[in-house]
Amino acid sequence: MGAVQVRNVRKTYVRDRQQIPVLDGLSLEIADGEFVALMGPSGSGKTTLLNLIGGIDQPTSGELIVGGTNIATLKGSKLAKWRSRNIGFIFQLYNLIPVLTALQNVELPLLLVKMSGAERKKRAKTALELVGLDDRLKHFPRQLSGGQEQRVAIARAVVSDPSVLLADEPTGDLDRKSGEEILELLGRLNREFKKTIVMVTHDPHAAERATRVLHLDKGVLSN
Amino acid sequence: MPIPISYNVRNVMQRPVATLTTAIGIGLTVTIFIGALALAAGFQAALLQTGSADNAVALRKGADSEISSGVSREAADVLRAGPDVAIGPNGRPLVSAELVVVANKERLGQPGSSNVTVRGVDPSAVGIRAEVKIVEGRMFTPGTDEVIVGQRIARRFANCAVSEKIRFQQRDFTVVGHFNAGGASFESEIWGDAAVLIPALDREGFQTVTFRMRDPSQFAEIKKRLEADPRLQVQIQRERDFYAQQSELLTNLIRFMGVFITGIMAIGAIFGAMNTMYAAVGSRTREIAMLLVLGFLPHEVMLSFILESVMLALIGGVIGCLLALPINGIATSTTNFQSFSELAFAFRVTPGALIAGLIFAAGMGLVGGILPARAAARQPLAGALRAI
Amino acid sequence: MSVLNLILVNLGRNKRRTILTMLSVTVALFLYCTLGGVLDTLQEAIKVGSETRLISRNAISLIFPLPISYGSRIAAVPGVKRVAIQNWFGAQDPKDPHNFFAQFAVDDENFFPIYANDIEIVEASPPQATMTLPEGMPSRLASYMTEQTACVIGQKLMTKMGWKLGQTITLAGTIYPGEWPFTIRAVYHAKKRSIGEETMFFHWKYLDQKGMGGRALVGVYILDLSNPGRAADIAKQVDEMFENSGAATRTESEQAFQAGFVSMYGNIPFVLRVIGLAVVFAILLVAANTMVMAIRERTGEIGVLKTLGFTEGIIFGIVLAEAAVITMGGGILGSLLAKWAIEGTGFNFGGFLPPMSVHWATVITGIAIATLVGAVSGLIPAWQASQLRIVQALRRVD
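If you're matching them up, the sequences are chains A, B and C in order.
For reference, each letter of the first sequence is one residue, going 1 to 223 in the numbering used here.
For reference, each letter of the second sequence is one residue, going 1001 to 1388 in the numbering used here.
For reference, each letter of the third sequence is one residue, going 2001 to 2398 in the numbering used here.
If you are wondering where the hints come from, they were derived from the structure by calculation, not from laboratory data.
Backbone N, C-alpha and C define an ideal beta-carbon position, used for all residues, glycine too.
Incorrect hints may have been included.
Within a straight-line C-alpha distance of at most 20 Å, the following computed EDC-like cross-link-like pairs (lysine to aspartate or glutamate) qualify [stated by the list, open to error]:
| no. | chain 1 | residue 1 | chain 2 | residue 2 |
| --- | --- | --- | --- | --- |
| 1 | B | K1165 | C | E2243 |
| 2 | C | K2156 | C | E2179 |
| 3 | B | K1061 | C | D2096 |
| 4 | A | K194 | A | E184 |
| 5 | B | K1061 | C | D2093 |
| 6 | A | K75 | C | E2252 |
| 7 | B | K1061 | C | E2179 |
| 8 | C | K2156 | C | D2096 |
| 9 | C | K2081 | C | E2252 |
| 10 | C | K2095 | B | E1106 |
| 11 | B | K1224 | B | E1106 |
| 12 | C | K2095 | B | E1248 |
| 13 | C | K2236 | B | E1248 |
| 14 | A | K218 | A | D24 |
Derived Cβ-Cβ restraints for the label pairs, each shown as a range [claimed, not checked]:
| no. | chain 1 | residue 1 | chain 2 | residue 2 | range |
| --- | --- | --- | --- | --- | --- |
| 15 | C | I2364 | B | S1072 | 55 to 61 Å |
| 16 | A | R191 | B | R1010 | 56 to 62 Å |
| 17 | B | N1159 | C | K2160 | 21 to 27 Å |
| 18 | C | D2233 | B | P1351 | 58 to 64 Å |
Just chain A, same shape as in the assembly:
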């Protein structure tokens, strides 16, 4: 369900007519239910890999099978649809929509699914309860602390019940205590709810929470 198979994936960027290879024939297997940490220096391509797995970028060549689907061949609205059902994203800078309340932010992915407004609200509330923010439903992002914002982002990521969660430096902008809370939450999602998690991080302390740690350097996996 949430297994990830990366097969011989290449990703090259073109900048000023120069071809810059970021990933060069990378292969990788992540089993369903794993909590993988991706580490490496900046420029190593770890965010690129995450983006590829999540279908928000496309490989130059190679195969990407996530949850049984080869997403390298999906395009346009099919890819978008697939993504809405199977992936939950968590970003370093939260990326919440500032003009929506916490509840509305979490409802957002559910707009893509056919359900009644009441049902949507109920599910969003449940997700927010899960992350411990059911007393902040009507707050706007600017009224929340960094840690709280990230928790809303996590609630949004899980509300449509995807099997894979992708986190790009989720604690990068948080203080130690809030960071701990977030990592604790991610751990819970992995253990109790069996979510497959791939997390890009700089922080070795954060990487400790994972079940496996991968190192990426110049587009090449070691470990």
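Starting from the known structure of chain A, arrange chains B and C on it as the hints suggest.
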């Protein structure tokens, strides 16, 4: 030390899309503004040059237009023999007792018909109106069924080409020439011999008597004397003043329309300019904060943004002027309800109108820029710096 | 929450910009509907005339009269029920010559009966003497009928001039010189909007005696038909009857007659249409500008929406809808404002036009144009937004 203008110029150039769309919005408003001025100017030109300050016109007391006036043959004779009238080169008094009526004629190329002024003049006194010149064909022969047509309407109405026949009251009149009159309203008229037209149209007497004053500086005297004469029952006006007054209502109407339309469009354009400037200010919060930190004063910052807004508007003004230029010379016509006849005239884009357009544009830029500029200057430094 | 919420919330993001843009559109639509109103009013002026009444005038032009003898000959034409007389008087108020209003001298037998469905007498002086009124004449005109210098005034004109029933007013004649006293003996209300309530009617005999020295010249003949289906034939017959007489006639439907006046405005309607077009184009620019600015600020968010799985199509639709909502809102405001302001104040361009109308058709067309234009203006930003590459969009988040 004021902020250099190049800062504003660069910024304006950096947002080509926003700059262009706002400028065009202002430009269109300026074009319409100039168009309204050109319409009024063209209309006025058609009448201002009508008539001479050396000629006087006599109408019946109380009449408000030529067609509602009536001057009897006897009164015309009294005027003709009077001491105030100049003598022409041919030894005859320069007096034209005239029939002025309107005839409803079919338009060419446009559906419907319009009223055209038909003027029966005294052929011996055509010299009264020095500006009248034959441009095609020849002058009509006195005493015959021949007429000449003003060049402005020659192409607008049926049967007005030279050698065609125009019909009034079951009688055919041959068009033998076209004339122009220095842009005056006479160019929208059909002229013939009064002595022939009056019986042909079943009329009695004349509508007006126009004469060249022997001593134009004596006008006030002449007016007083003739208006007091019980045989005449007339009102006297300078020919030029009379025609100017005949167009007063329509000129005012056109002006009113122009101001109304332009005023409203200007408000819309100002809102557009405000939007653009607010966006500009919003996206440059940090820059502005740096300027203030460096030591530029708030009012200098404000001035700079107002300048930028005016610059933006002037670009629009230039666009507007360019768009307005092709309007010059476009012919149009409408009925002057005072004289009850059609008046053809052309749009006239004057240098004055173009300059007015640019000033108008700058004004819009000024008004649109003030509030955003003030917002820029008033930024609390701390808040802006935090964003750095 | 729903997608509609999302759209509205985005508009509230920068209220000032949304309001300014909406106001621009409001102003533009106000102008468009006002200009449309002028055109509507001109159209209505044509509809004043009924198709079942004919007007006969001198073939040369309106300023040439017709002899009184024509009246009985026209009445004898089969299909003609009644024949009335109407002369333009054209006098001025000596206190304010620029204050223009129309005055007509009309006959005593047929004019008011012919227009019974259009003109309603609402106030009248009590008659001084009894007389039998001609058939079809409103009974309230009894007082008017017994006095030669009496007149009937439109309600709006009464209010405008501050006149009272029974008052004697004096007008300065222009075509018929001299001082003309009239006594107001009745007030009328126009049952049809297009007739106008600022006109004065008085006895044709008064004009003939005092102004024409008994020469009995008629301005126009008004023919009321018993068989409206034959209008064209009857008109032809009348004109043929007088073709070779001293004064040839031109007979046409009342509607065509009115249309003739409207066509005298010449090119002006065309000019107004061109301006209307320019206005529409200007709206396009304003809205486009706003949308481009708005979208540029939101690239990061759009990236997030795409990440969540919102397709290009949905994003395109959302941006387009935003643009349309702004312009539609402004359009509704501007159009309705124009209709109420102009019709409410009875604006009439200084007496040149009947009281202005703005038809609902114009209002709705205006709103539709504004919305459509808004959507079109949003096309490019919507397209750009939908085509944003997620990775780049997210990277721009600062």
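Margin query: Need the status of pair C/K2081, C/E2252: alpha-carbon distance at most 20 Å?
Written below: Roughly 16 Å separates the two Cα atoms, so the pair holds.
Check: Does the structure keep C/K2236 and B/E1248 at a Cα separation of 20 Å or less?
Finding: violated (40 Å)
Checklist line | Satisfaction of hint between C/E2252 and A/K75, Cα-Cα up to 20 Å | finding: With a Cα-Cα distance of about 70 Å, the restraint between A/K75 and C/E2252 is violated, given a limit of 20 Å.
Item checked: Satisfaction of hint between C/D2096 and C/K2156, Cα-Cα up to 20 Å -> holds (17 Å)
Item checked: Beta-carbon spacing of A/R191 to B/R1010 - inside the hinted bounds 56 to 62 Å or not -> At roughly 57 Å between Cβ atoms, B/R1010 and A/R191 fall inside 56 to 62 Å, so the hint holds.
Checklist line | Satisfaction of the hinted span 21 to 27 Å by the C-beta atoms belonging to B/N1159 and C/K2160 | finding: 44 Å Cβ-Cβ, so the 21 to 27 Å window is violated.
Checklist line | Holds or violated: C/K2156 to C/E2179, with C-alpha atoms at most 20 Å apart | finding: Violated, because 24 Å separates the two Cα atoms, which is more than 20 Å.
Check: Is it true that the CA of A/K194 sits at most 20 Å from the CA of A/E184?
Finding: holds (14 Å)
Check: Is the straight-line distance between the alpha-carbon of B/K1165 and that of C/E2243 20 Å or less?
Finding: holds (19 Å)
Next item on the list: With a cut-off of 20 Å on the C-alpha distance, tell me whether B/K1061 and C/E2179 pass.
Entry: Judged against 20 Å, a Cα distance of about 12 Å means the pair holds.
Item checked: C/I2364 paired with B/S1072, Cβ distance criterion 55 to 61 Å -> Because 59 Å falls inside the window, the suggested range holds.
Next item on the list: Take a look at whether the Cβ-Cβ distance between C/D2233 and B/P1351 falls inside 58 to 64 Å.
Entry: holds (59 Å)
Comparing the model with each earlier hint shows violations of hints 2, 6, 10, 11, 13, 17; every other hint is respected.
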